[in-house]
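Enquirer: The C-terminal position of the sequence shown is numbered 465 in the working numbering, with every residue numbered one higher than the one before it.
If a hint is listed, it holds; no wrong ones were tucked in.
No more than 27 Å apart at the CA atoms, straight line, and that leaves these computed lysine-lysine pairs for DSSO-like: (1) Lys395 x Lys182; (2) Lys370 x Lys446; (3) Lys446 x Lys395; (4) Lys446 x Lys182.
Pair by pair, the computed Cβ-Cβ distance ranges are: (5) Ser86 x Asp367: 27 to 37 Å; (6) Val315 x Ile463: 46 to 56 Å; (7) Gln377 x Ala188: 34 to 44 Å; (8) Asp359 x Leu271: 25 to 35 Å; (9) Ser83 x Gln353: 23 to 33 Å; (10) Gly90 x Trp262: 46 to 56 Å; (11) Ala392 x Ser83: 44 to 54 Å; (12) Asp62 x Arg366: 32 to 42 Å; (13) Arg405 x Ala207: 18 to 28 Å; (14) Gly90 x Asp359: 23 to 33 Å; (15) Arg364 x Arg405: 57 to 67 Å.
Hints are computed from structural coordinates only; laboratory data are not their basis.
Virtual Cβ for every residue (Gly too), placed ideally from N, Cα, C.
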Amino acid sequence: MKKYCMYICALIISASVFAEAPIEISLDDALRMALQSDERIEIQERQVSIASRDVGRAWTIVSPRLTLSGRYERPESEIRLGDQVLVPEDSWSASITASQPLFDGRVRSAYRAGRAEEAIAIHQLAHAIRNSLFDVTRSYYAVLSAEKQTEVAAQTLELTQSEVERAQARFDAGEARRTEVLRAEVDAARARRALVAAENAYDVARADLARRIGLSADETFAAITPEWVPEAEFEDLPHLYAMALDLRSDLRAARLQIDSSREQETIIRREAWPTLDLQFVHSFSDPDSVQNPNNSWTAAAVARFEFWDGGSRRISRLQQSDRTDQATLRVRDLEKTIQLEVQQAILDLHNVRENLIALRKEVDLAEENFRTLSEQARVGLATSLDVSTALNELDLARTELARQEFDFEVAKQRVEQSVGRFARDLIEIDE
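Generate the whole structure from the sequences, applying the supplied hints.
Expert: Quick look at the structure:
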């Protein structure tokens, strides 16, 4: 019975440990989860669906139409002329009108405009996906960076506690003053406060990533540090500029906006063209009369040509021409902006790379300096202020190195994002 109870307790403990074990999420997992949960992507997907309706709308211009109409009349009094009824006491009429447009100059332009709007929405969807996944990537590395900074803060706290013990031992032995113990305790309190701040920052970073990938606030997970990949040499700036101007989805959408605007201008201009319809009307009336015979039909070819509309169409065409000019200017402005983004991304990458080289050397020197001063302080050759200063410098260097290491990974991805190559394997749409 005792063995049985121990077995049950072991199962319960194992289940609780398993339930509390955090979910391990890689960067690829986070990106794929974001594709399924990011509302911005879903909003843009709906926009693609909305834009695709305009393609079908173009064909409705020449689609058959069927109209039912009816009328009932009751005059104040019936009017007669002898035995002949001129105005009956009440009457009704109904008609069924079927028409088939045979020619309308707007159809082809409306179709091309609809296709352009659909393509614009698709490129905008690709751009929205890249932006969303880049935000997830940045949040993912922010979690790793915050986790590393928390570890650094814990290491610093451990060092300060060791210094408190060393100072207290020297004070108890009469080799140091009380001020050395107090200074070490102040450093330990400051390190403890820094650790709490780092842990809070880590929790905030995890909550931000969880929101982006669709996890609830109470779900625990652990971000896995991606395997180190040797840094690839990026092409020279002119080549990157040309690549960005060819690959960027937002620029493709802006260029297509010019085509769409021109087609809209053509549609307005062709509204003045004549139209030709084939029309069939079947009429019913009661009472039957010579002017309105019951159960009769007519067929006709109807041509329309509007000579003058008061100038409304001309104003609309001029407005659309201005919109086309605006679209052209937006493309030029976006091209300049993209070139600046690529240049800024490359410069940021070079800057972070140089910072990493300097910071790694700085950390090595700070560690050596702290060890030397700590050993000297044990034998009275260095003051507690020297040790405190060295420890503070070591903590700052380690913390900044932890931040810059992951900023470097984000900087590499930012170059890919600015060029338009980021996450191309995850965008399963035909651009």
